[in-house]
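J.: Respectively, the protein sequence lines represent chains A, B and C. Residue numbers for the first sequence follow the numbering used here, beginning at 1 and rising by one. Residue numbers for the second sequence follow the numbering used here, beginning at 1 and rising by one. Residue numbers for the third sequence follow the numbering used here, beginning at 1 and rising by one.
Read the hints as simulated data drawn from the structure, not as lab findings. A couple of the hints might just be wrong.
Unchecked claim - Taking beta-carbon pairs under 10 Å as the criterion, some of the chain B residues facing chain C (in silico):
(1) Ile75
(2) Lys91
(3) Ala102
Said to hold, decoys possible - Simulated restraints, written as ranges between beta carbons of each label pair:
(4) B/Ala180 x A/Arg35: 25 to 31 Å
(5) A/Ser87 x B/Asn38: 31 to 37 Å
(6) C/Arg340 x B/Asn38: 30 to 36 Å
(7) C/Val99 x A/Met264: 27 to 33 Å
(8) C/Asn153 x A/Val131: 36 to 42 Å
(9) C/Ile112 x B/Leu78: 32 to 38 Å
(10) B/Arg126 x C/Phe286: 51 to 57 Å
To be verified - Pairs of lysine-lysine residues, derived as DSS-like cross-links and limited to a Cα-Cα distance of at most 27 Å, are as follows:
(11) B/Lys59 x B/Lys77
(12) B/Lys54 x C/Lys215
(13) B/Lys91 x C/Lys129
(14) B/Lys28 x B/Lys59
(15) B/Lys148 x B/Lys28
(16) B/Lys148 x A/Lys283
(17) B/Lys77 x C/Lys129
(18) C/Lys215 x A/Lys283
(19) B/Lys148 x A/Lys93
(20) B/Lys145 x B/Lys185
(21) C/Lys3 x B/Lys120
(22) B/Lys77 x B/Lys131
(23) B/Lys77 x C/Lys215
(24) A/Lys283 x C/Lys129
(25) B/Lys77 x B/Lys108
(26) B/Lys131 x C/Lys215
(27) B/Lys120 x C/Lys337
(28) B/Lys122 x C/Lys215
(29) A/Lys283 x B/Lys54
(30) B/Lys91 x B/Lys130
(31) B/Lys122 x B/Lys59
(32) C/Lys334 x B/Lys54
For glycine and all other residues, C-beta sits at the position ideal for the given N, C-alpha and C.
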Amino acid sequence: MTSIMFLQHLANGISLGSLYALIAIGYTMVYGILRLINFAHGDIFMMATYFAFFGVFFGLPWYVAFPITILLTVLLGMSVELTAYRSLRDAPKISIMISAIGASFLLENLAIVIFGGRPKAFPTEEIFTKVIHIGNISIQRLTFIIPVVTAILLIILSYLINKTKTGMAMRAVSKDHETARLMGINIDRTISATFAIGSALAAIGGVMWGLKFPQIQPLMGVMPGLKCFIAAVIGGIGSITGAVIGGFFLGVSEIMLVAFFQSMTGYRDAFAFIILIIVLLFKPTGIMGEKISEKV
Amino acid sequence: MEMLRTENITMQFGGLTAVKDFNLKLNKGEIVALIGPNGAGKTTAFNMITGVYKPTKGKIYYKGRDITQMAPHSITKLGIARTFQNIRLFKNLSVIDNVLIANHLHVKSNLFEALLRVPKYKNEDRSMMKKSMELLEIVGLIDVKDEKSSSLPYGMQRRLEIARALATKPEVLLLDEPAAGMNPKETEDLTKFIKKIRDDFDLTIFMIEHHMQVVMGISERIYVFDYGITIAHGNPNEIQNNQRVIEAYLGVDDNA
Amino acid sequence: MMKRDYYLTSISLVLLVIFLYFADMYMDAYIIRILNLCAIYTILGLSMNLINGFTGLFSLGHAGFMAIGAYTTAILTLSVDAKVQNFFLEPIAAPLANVVWPFFPALLLAGILSALVGFLIGAPALRLKGDYLAIATLGFAEIIRVVFTNTQNITNGALGLKRIPPYTNLWWSFGIAVFTVIFMALLINSSYGRAFKAIREDEIAAESMGINLFKHKVMSFTIGAFFAGVGGGLLGNLLGTIDPAMFRFTLTFNILLIIVLGGMGSITGTVISAFVVTISLEALRFLDQPIDLGLFVIPGIAGMRMVVFSVLLMLVVLFYRHGLMGTNEFSWDKFLKVLRFKRPLLKGGKN
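Using the sequences and the accompanying hints, generate a full structural model.
T.: Structural data, given as structure tokens:
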């Protein structure tokens with residue numbers, strides 16, 4: 001293992017980690033505000049890749065197709081919240097989780113029905129996929145683009161959460177629904193906004209995922225979905241910084257595992273879960289999480 | 001004889017000190033009250049004694065034994081039972097099931113004996129049922145024993161909570177606002193009822209209560225909390241005339 | 001139990017036996033297979049309902065337990081030469097090559113191994129609350145699947161196992177299903193069962209009533225895992241072929257659908273719903289296949305069936321949260337009362 005190869009793996013790990021981080025933020029924000037694992041989030045991410053695929057398929061240039069993708073995904077995310085979660089706000093938690101699983105299954109199977117079960121080739125855009133050479137390292141442009149885009153999005157997100165009225169409302173609602181309501185915050189609208197932001201990030205993540213791994217199929221959201229939820233837990237669920245740290249941690253260590261222990265490649269998908277169980281056992285609140293104790 | 005003693009128990013939530021250096025002592029057969037304005041940390045004190053919260057500092061002794069780090073179910077098994085301020089019945093279960101469940105900690109048959117309904121289990125089951133019926137008789141809920149517990153009116157739910165706590169066979173009973181939401185007549189009945197169960201079940205009672213009528217009527221000693229600090233301790237008469245207590249309840253007029 | 005109820009129950013069991021006897025003799029293989037599936041899904045549904053419905057733990061690891069059960073029975077019952085045939089990439093690990101067990105002990109070991117794994121998983125995972133438990137158990141099921149895909153010389157990896165002897169018949173599946181129903185009824189109506197329900201209703205109150213949360217949760221989880229393992233074993237020896245991809249989350253989803261539809265916390269509901277769901281899963285297979293209308297053919301749409309079922313699950317949760325039975329159970333009293341008003345009903349018998 002040369003240091004050049006190591007750098008190459010590291011770059012790949014960081015770019016995979018960025019994608020994980022983008023999706024993990026959606027999980028952590030929804031969990032923070034609703035205390036709910038949005039099982040459908042991975043499938044929303046999957047749908048985004050299909051939207052982008054069809055946009056380009058029908059002849060739209062990528063710079064038109066991708067923004068439309070984001071828009072459609074946001075609408076999808078908000079309608080999932082509206083139909084599957086909103087009316088269950090006061091229902092037992094177990095019901096809400098079942099509804100979430102139902103929504104996830106519905107999206108997956110709808111995708112199979114509408115788009116077909118066979119994998120499709122995501123359109124590759126020369127401007128993203130061009131291989132560049134730096135010294136002895138040859139790397140796709142995308143490997144750099146992804147972390148940069150992620151960083152920009154994180155800056156925008158942090159502004160949104162900390163400086164805007166909607167962001168403040170989100171933080172208030174995640175602390176206490178009742179009090180937030182009494183302060184005149186529109187809970188439903190705030191939750192909708194949370195889903196919109198999460199879905200937008202998932203859409204951008206999905207498009208970049210499609211460019212990086214240009215084969216899309218209806219169940220492609222399941223594994224990344226689970227892994228990103230795990231990333232959110234590792235980082236400390238409810239914390240956006242935590243989700244980003246968790247995403248990078250998982251992405252880099254996954255790539256390194258495959259690179260350094262070739263015999264473990266088959267266990268790649270189990271790796272995230274093993275980390276999850278270890279984290280839950282020793283530090284259930286994750287790296288950045290606060291302890292949430294039940295009121296007696 | 002000393003039943004329960006706490007030594008400087010303190011509970012901090014992040015930067016907030018909910019209870020600070022609380023020193024409680026309960027002697028056998030006493031009825032002791034804990035009063036104080038809302039948010040003074042009374043329920044937090046209960047939660048520490050029953051093991052729901054682990055105190056940040058301090059020790060709790062039950063009959064001389066350190067129970068500070070014990071799990072709630074073990075503490076109940078030793079003989080401390082409680083009711084909840086916001087009523088925590090097993091809502092979808094029947095009244096009788098609520099009481100039967102509180103007997104479970106004393107069941108000696110293991111899972112397989114219970115599944116096979118061996119005579120040992122059957123006997124235990126029968127005596128559990130008998131005792132639960134007696135308790136429902138005492139709290140006057142025998143006629144509604146098969147109703148869903150959440151369908152009972154409020155006052156009955158409070159009595160069911162007490163019956164359920166009694167079913168664990170406690171020696172110390174912690175009542176969290178037993179008179180909350182009751183009318184004057186019910187309050188008076190409750191006062192008598194608390195005295196009666198103290199005598200009949202040989203209990204030591206520690207209660208949080210806002211109704212001064214109940215507190216002054218039956219407690220032998222009173223602790224007063226304000227912002228987590230014990231500002232007074234004494235018999236009802238002393239408490240009624242304590243300047244700090246009056247201030248805590250009425251507020252101090254700075255302009256006076 | 002009242003004497004009348006005792007007789008009625010015995011009579012229905014006898015009727016069930018007679019029915020199974022004739023079904024076994026005269027019904028065609030396809031229907032028998034569906035009946036077997038109904039019984040197996042009853043076992044699986046009950047095992048999941050114990051954990052999720054009665055104890056209120058949200059566990060999504062059922063496919064994992066079933067995989068352990070199915071692989072255990074399959075490996076133990078495969079004939080020596082079927083093993084040689086199956087394991088052509090890499091021979092089976094030596095100690096297993098010549099082991100051929102009869103069905104019953106193999107099933108029993110399947111249950112025990114599954115319960116053991118359940119215990120090992122449960123002990124750490126059950127310290128977690130609600131959704132963490134869901135994701136940990138889901139993760140565990142995935143790990144099992146990944147491990148089974150990679151242990152070439154034990155499970156034959158992604159190739160799966162073929163020629164598993166078709167030992168599962170109506171007697172085994174219904175026999176074990178009836179046993180499971182009785183077991184669950186005895187358990188739920190015991191002091192331990194009440195403790196489980198108390199945990200479901202309110203953990204903090206249950207703990208304050210002296211119930212050791214951890215011990216009872218592990219107990220419920222382990223028992224559930226046992227029956228899931230047995231159910232998995234029956235399934236493998238019914239289908240004749242298993243592979244790791246079979247034990248994806250979809251399988252857990254099907255069982256979840258059964259218990260939600262029947263009512264979380266009702267044995268009766270689970271039994272009815274296991275039959276309804278299994279039969280409709282089969283009946284709606286046409287949705288995935290081309291439909292020939294004589295004049296023209298509607299092309300089959302793969303996945304349509306699962307669209308229907310996911311919509312069904314969501315509709316039930318959104319509008320009919322308590323399912324068919326809520327937490328109610330069948331009793332002869334209620335049954336006779338219904339009969340008196342709405343007779344004659346041809347189909348009586350056991351639920």
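J.: Taking the hints in turn, state whether each one holds.
T.: Hints, one by one, checked against the model:
Given the 10 Å rule on beta carbons, the hint for B/Ile75 holds: about 9 Å separates it from the nearest Cβ of chain C. A hinted interface residue such as B/Lys91 counts as satisfied when its beta carbon comes closer than 10 Å to some beta carbon of chain C; here the least separation is about 6 Å, so the hint holds. The closest approach between the C-beta of B/Ala102 and any C-beta of chain C is roughly 4 Å, which is under the 10 Å cut-off, so the hint is satisfied. Distance hint for B/Ala180 and A/Arg35: a CB-CB separation of about 28 Å, consistent with the stated range 25 to 31 Å.
In this structure, A/Ser87 and B/Asn38 meet the distance hint of 31 to 37 Å, their C-beta atoms being roughly 34 Å apart. In this structure the supplied range 30 to 36 Å is violated for C/Arg340 paired with B/Asn38, their Cβ-Cβ distance being about 56 Å. With their beta carbons about 29 Å apart, C/Val99 and A/Met264 fall inside the hinted range of 27 to 33 Å. Between C/Asn153 and A/Val131 the CB atoms are about 40 Å apart, so this pair conforms to the stated range of 36 to 42 Å.
For C/Ile112 and B/Leu78, the hinted distance range of 32 to 38 Å is satisfied, since their beta carbons lie about 36 Å from each other. Checked against the hint of 51 to 57 Å, the C-beta distance between B/Arg126 and C/Phe286 comes to roughly 55 Å, which is consistent with it. In summary, the hint linking B/Lys59 to B/Lys77 is supported, as the alpha carbons are separated by about 19 Å, within the 27 Å threshold. As the CA atoms of B/Lys54 and C/Lys215 are separated by approximately 20 Å, the hinted pair is consistent with the 27 Å bound.
As the CA atoms of B/Lys91 and C/Lys129 are separated by approximately 20 Å, the hinted pair is consistent with the 27 Å bound. Taking the CA atoms of B/Lys28 and B/Lys59, the gap is near 19 Å; set against the 27 Å cutoff, the hint holds. For the given pair, B/Lys148 sits about 36 Å from B/Lys28 by alpha-carbon distance, which is inconsistent with the 27 Å threshold. Simply put, B/Lys148 and A/Lys283 have alpha-carbon atoms about 40 Å apart, too far for the 27 Å limit, and the pair is violated.
Using a Cα cut-off of 27 Å, the hinted pair B/Lys77 and C/Lys129 holds, with the two alpha carbons roughly 24 Å apart. This hinted pair checks out: C/Lys215 and A/Lys283 have alpha carbons roughly 22 Å apart, not beyond 27 Å. At most 27 Å may separate the alpha-carbon atoms for a hinted pair to count; B/Lys148 and A/Lys93 meet this at roughly 21 Å. Only pairs whose Cα atoms come within 27 Å are accepted, and B/Lys145 paired with B/Lys185 is accepted, the gap being roughly 24 Å.
Restraint check: the Cα-Cα separation between C/Lys3 and B/Lys120 comes to about 23 Å, which is no more than 27 Å; the hinted pair holds. Note on B/Lys77 and B/Lys131: the hinted pairing holds, with a Cα-Cα distance of about 17 Å set against a maximum of 27 Å. For the proposed pair B/Lys77 and C/Lys215, the alpha carbon gap of about 15 Å is at most 27 Å, so the pair holds. A distance of roughly 14 Å separates the Cα atoms of A/Lys283 and C/Lys129; the hinted pair therefore holds under the 27 Å criterion.
A C-alpha spacing of about 13 Å is found between B/Lys77 and B/Lys108, which places the hinted pair at or below 27 Å, so the restraint holds. Annotation: proposed proximity of B/Lys131 to C/Lys215 holds, straight-line Cα distance about 25 Å (limit 27 Å). For the given pair, B/Lys120 sits about 35 Å from C/Lys337 by alpha-carbon distance, which is inconsistent with the 27 Å threshold. Among the hinted pairs, B/Lys122 with C/Lys215 is consistent with the structure: their alpha-carbon atoms are about 22 Å apart, no more than 27 Å.
The straight-line distance between the Cα atoms of A/Lys283 and B/Lys54 is roughly 18 Å, inside the 27 Å bound, and the hint therefore holds. For the suggested pair B/Lys91 and B/Lys130, the alpha carbons sit about 22 Å apart, so the restraint of at most 27 Å is met. Straight-line distance between C-alpha atoms of B/Lys122 and B/Lys59 comes to about 41 Å, which puts the hinted pair past the 27 Å bound. Distance hint between C/Lys334 and B/Lys54 is unfulfilled; the C-alpha atoms sit about 49 Å from each other, more than 27 Å.
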